[in-house]
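Chemist: Single-letter residue listing:
Number of protein chains: 2
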Amino acid sequence: MTHQSVVLDSGQLHSSLSDPALTSMNLLNEVAGRYPEAIAFAAGRPTEQFFDVDDLHRDVARFREYLLRDKGYTPARADRELFQYGRTKGIVHELVARNLAVDERMHVDPESIVVTVGCQEAMFLVLRALRATADDVILAVSPTYVGVTGAARLVDMPVLPVREGPAGIDLDDLAAQVRAARAAGLRPRACYLVPEFANPSGVSLTLETRLRLLDLAEELDILLLEDNPYGLFHDGSGRPPTLKALDSRRRVVYLGSFAKTAVPGARVGYVVADQLVDNGSLFADELSKLKSMVTVNTSPIAQAVVAGRLLRFDGSLVEANRREAELYRTNLRLLLDGLEARFADRPDVTLNVPGGGFFVVVTVDFRCDDAALERSALKHGVLWTPMHHFYAGTGGFSQLRLSCSVVTPAQIETGLDRLAAFVREESAMLV
Amino acid sequence: MTHQSVVLDSGQLHSSLSDPALTSMNLLNEVAGRYPEAIAFAAGRPTEQFFDVDDLHRDVARFREYLLRDKGYTPARADRELFQYGRTKGIVHELVARNLAVDERMHVDPESIVVTVGCQEAMFLVLRALRATADDVILAVSPTYVGVTGAARLVDMPVLPVREGPAGIDLDDLAAQVRAARAAGLRPRACYLVPEFANPSGVSLTLETRLRLLDLAEELDILLLEDNPYGLFHDGSGRPPTLKALDSRRRVVYLGSFAKTAVPGARVGYVVADQLVDNGSLFADELSKLKSMVTVNTSPIAQAVVAGRLLRFDGSLVEANRREAELYRTNLRLLLDGLEARFADRPDVTLNVPGGGFFVVVTVDFRCDDAALERSALKHGVLWTPMHHFYAGTGGFSQLRLSCSVVTPAQIETGLDRLAAFVREESAMLV
Numbered sequence: 001m002t003h004q005s006v007v008l009d010s011g012q013l014h015s016s017l018s019d020p021a022l023t024s025m026n027l028l029n030e031v032a033g034r035y036p037e038a039i040a041f042a043a044g045r046p047t048e049q050f051f052d053v054d055d056l057h058r059d060v061a062r063f064r065e066y067l068l069r070d071k072g073y074t075p076a077r078a079d080r081e082l083f084q085y086g087r088t089k090g091i092v093h094e095l096v097a098r099n100l101a102v103d104e105r106m107h108v109d110p111e112s113i114v115v116t117v118g119c120q121e122a123m124f125l126v127l128r129a130l131r132a133t134a135d136d137v138i139l140a141v142s143p144t145y146v147g148v149t150g151a152a153r154l155v156d157m158p159v160l161p162v163r164e165g166p167a168g169i170d171l172d173d174l175a176a177q178v179r180a181a182r183a184a185g186l187r188p189r190a191c192y193l194v195p196e197f198a199n200p201s202g203v204s205l206t207l208e209t210r211l212r213l214l215d216l217a218e219e220l221d222i223l224l225l226e227d228n229p230y231g232l233f234h235d236g237s238g239r240p241p242t243l244k245a246l247d248s249r250r251r252v253v254y255l256g257s258f259a260k261t262a263v264p265g266a267r268v269g270y271v272v273a274d275q276l277v278d279n280g281s282l283f284a285d286e287l288s289k290l291k292s293m294v295t296v297n298t299s300p301i302a303q304a305v306v307a308g309r310l311l312r313f314d315g316s317l318v319e320a321n322r323r324e325a326e327l328y329r330t331n332l333r334l335l336l337d338g339l340e341a342r343f344a345d346r347p348d349v350t351l352n353v354p355g356g357g358f359f360v361v362v363t364v365d366f367r368c369d370d371a372a373l374e375r376s377a378l379k380h381g382v383l384w385t386p387m388h389h390f391y392a393g394t395g396g397f398s399q400l401r402l403s404c405s406v407v408t409p410a411q412i413e414t415g416l417d418r419l420a421a422f423v424r425e426e427s428a429m430l431v
Numbered sequence: 001m002t003h004q005s006v007v008l009d010s011g012q013l014h015s016s017l018s019d020p021a022l023t024s025m026n027l028l029n030e031v032a033g034r035y036p037e038a039i040a041f042a043a044g045r046p047t048e049q050f051f052d053v054d055d056l057h058r059d060v061a062r063f064r065e066y067l068l069r070d071k072g073y074t075p076a077r078a079d080r081e082l083f084q085y086g087r088t089k090g091i092v093h094e095l096v097a098r099n100l101a102v103d104e105r106m107h108v109d110p111e112s113i114v115v116t117v118g119c120q121e122a123m124f125l126v127l128r129a130l131r132a133t134a135d136d137v138i139l140a141v142s143p144t145y146v147g148v149t150g151a152a153r154l155v156d157m158p159v160l161p162v163r164e165g166p167a168g169i170d171l172d173d174l175a176a177q178v179r180a181a182r183a184a185g186l187r188p189r190a191c192y193l194v195p196e197f198a199n200p201s202g203v204s205l206t207l208e209t210r211l212r213l214l215d216l217a218e219e220l221d222i223l224l225l226e227d228n229p230y231g232l233f234h235d236g237s238g239r240p241p242t243l244k245a246l247d248s249r250r251r252v253v254y255l256g257s258f259a260k261t262a263v264p265g266a267r268v269g270y271v272v273a274d275q276l277v278d279n280g281s282l283f284a285d286e287l288s289k290l291k292s293m294v295t296v297n298t299s300p301i302a303q304a305v306v307a308g309r310l311l312r313f314d315g316s317l318v319e320a321n322r323r324e325a326e327l328y329r330t331n332l333r334l335l336l337d338g339l340e341a342r343f344a345d346r347p348d349v350t351l352n353v354p355g356g357g358f359f360v361v362v363t364v365d366f367r368c369d370d371a372a373l374e375r376s377a378l379k380h381g382v383l384w385t386p387m388h389h390f391y392a393g394t395g396g397f398s399q400l401r402l403s404c405s406v407v408t409p410a411q412i413e414t415g416l417d418r419l420a421a422f423v424r425e426e427s428a429m430l431v
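Those protein sequence lines, which keep their order, are chains A and B.
Residue numbers 1 to 431, in full-length UniProt numbering, belong to the letters of the first sequence in order.
Residue numbers 1 to 431, in full-length UniProt numbering, belong to the letters of the second sequence in order.
Simulated from the structure, these hints should not be mistaken for laboratory data.
So the derived label-pair ranges between C-beta atoms look like this:
1. B/Asp9 to A/Thr206: 30 to 38 angstroms
2. B/Glu111 to A/Ala101: 39 to 47 angstroms
3. A/Ser5 to B/Asp172: 21 to 29 angstroms
4. B/Pro36 to A/Leu207: 45 to 53 angstroms
5. B/Asp172 to A/Asp9: 26 to 34 angstroms
6. A/Glu65 to B/Ala180: 53 to 61 angstroms
7. A/Pro166 to B/Pro36: 54 to 62 angstroms
8. A/Asp314 to B/Asp109: 44 to 52 angstroms
Chain B stretches covered by chain A per the calculated footprint, using a threshold of three residues with CB under 8 angstroms from any CB of chain A:
9. 45 to 51
10. 118 to 125
11. 255 to 268
No residue lacks a Cβ here, since even glycine has one placed at the ideal position from N, Cα and C.
Please model the complete structure; the sequences and the hints are all you need to start from.
Modeler: The following block contains the structure:
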């Protein structure tokens, strides 16, 4: 008998593995990996200019000092808190609640917070909890961050698109989609959106739209999943309160990230889930039960890195990100001005003008698919993200997303020259 | 109109949330939390005696030094590696592969390793990948670690029990269960087991049983999911190779944990998944796609803590755990001797005698359910784990698990006196 190595049948693996939502991320990373010299407007990563390994050591030490002094722990207990298995809902929930009060005037019970392995785990847990049967669906303002679509695929939950429109969410379409889904026997559970500088479109909701959305959520009896990774990075003109800060009816599940405001490498995020469940528990406690079977608990060492940062700036990420916010504002201005200057003679090339965040969307007259990206990288040395990935294959084929968060001003100028050349060439091919 | 807070219907949340596999963990933690003064033989946590925050700083610095010196990274690139979003499969895969070669004589391609948020995420990803339809099931040697049962619940995958028997796995029962499942239209995908010092039973498989199990896995066309958290903590009499080290046919998916051998608070584990998939990829790459939608990537800071520890001991966790292994050996001996001395007059009270690991199982003549645990904690000040939690409600009602990993020798003596008083009282109530 010869020993044969097993070969797994891809048709017998979970269907998400062949879904574009999961494969597109890999594909885009793979293209970027093949063109390391290209100027990358592609990744929505925070700036790397201020990374400092000494900060890491100081922040961990600061959190330990806080455990000793403010919490009255013995050194042995503080070390246990840092190194041992720990509370499933996390150990920095009080500091997270304080941050939300300081920066967002959002007052939440620390017990309603689950600290997660990045915002991605928070999304995954919420969707896993809400997907009880094959009839459960969520809605999402389209274009949608692919992380949500992917997490939904993992729990076999369809994502129904809601039109974005100029207001950031088309409320009539939301109502129509929910009603149509119910008429078809489906159970719409929640609507996901990024109300502030949406990824990828950069659109923000006005205060009035936020209030109307909260009323509509009650009327339709759905939850709202609010994701807010970029809220702090605005143009200085102020911004309305978050949906959660306006939420008097516990309709909003708030998804928090420290990846852009503290350290991506900590992989620490959180969810505020203060909804009551009819069994007497908080929704946060239900999510915690799920978390115990996905990651057990979030690394307390990683939590300490984020907590130390929060303590260093007295709970304020606005204060912690003064340099970063200034850099993003400058870069966004350079990107917008640079695009306008280069496409002044092309009224058919249009762009959105977000009040903050990392992203600008450019609409062109040719097909911006993955093959176009490959040509752009190979012939012009510039990378961007095809927008169709955010539409789950239903649109965005003539749009590209530019991110300005990890490029220098000089790279922006050179990168835009290259992009302009690419656009000229692609448009010329149409004739 | 008065504003009503939403109340979620627990019947409309995912079924796992009401499953004993998820609620029992909470219940046991909750009992332990209410009796902080009780002596706890309950938790399977590593010793806390050697936790040292200075080690954390030194280990991170050591890993950064390795990036600079051994990998030739610039300081900026090293900091990016530590702080930025990173490779989904992890950044310490080469060091993990080296550790497996050094300690386990297991030679694996670093590309077949996915670094995960603890071993729990590794289990979850493997089960998510293998559960494609409602017909897919896994098997698990019973009693089973609840983390597997819970992860399976999250993906709606039944877990069929396989008898453990004196060999650690009853191979005839495994074959019978797989055939019966197939006859019932089910699709058995894999069998989960802990071949070395199983949790909770402490049983180990002989070399011969391992070889026969590998042959049987091929014959039955299933995978083996090998979990090995305690392998290093043996009584010095040596141990057979892991299933993965013996696996020439890529039938074994190896689940790795650093929680007991490095730092639980890092929450770093891994999976070796070197199986080929018929689409040309490695199973590890499929798992990585799923991971990108659960946690994106494992905190590189947490990975650095583990990697620094590996570098400190030249890749060997055997070397890194000399003090810990000695402590566990001493404690296990004290526990076994103490039990024998206290129950010498009770031939009906029996126990297993594992060659290592953290756990001893005691069989008594009364019902050891959660109510008995509560009485034990309240009246006698001693905590243990009711074994029925590891049988998914199908057995173990007269067994309790004792863990000796986080107690001192003095606590073992006092705790066993209390346990003996509890057993006497419970047995007397039967008369």
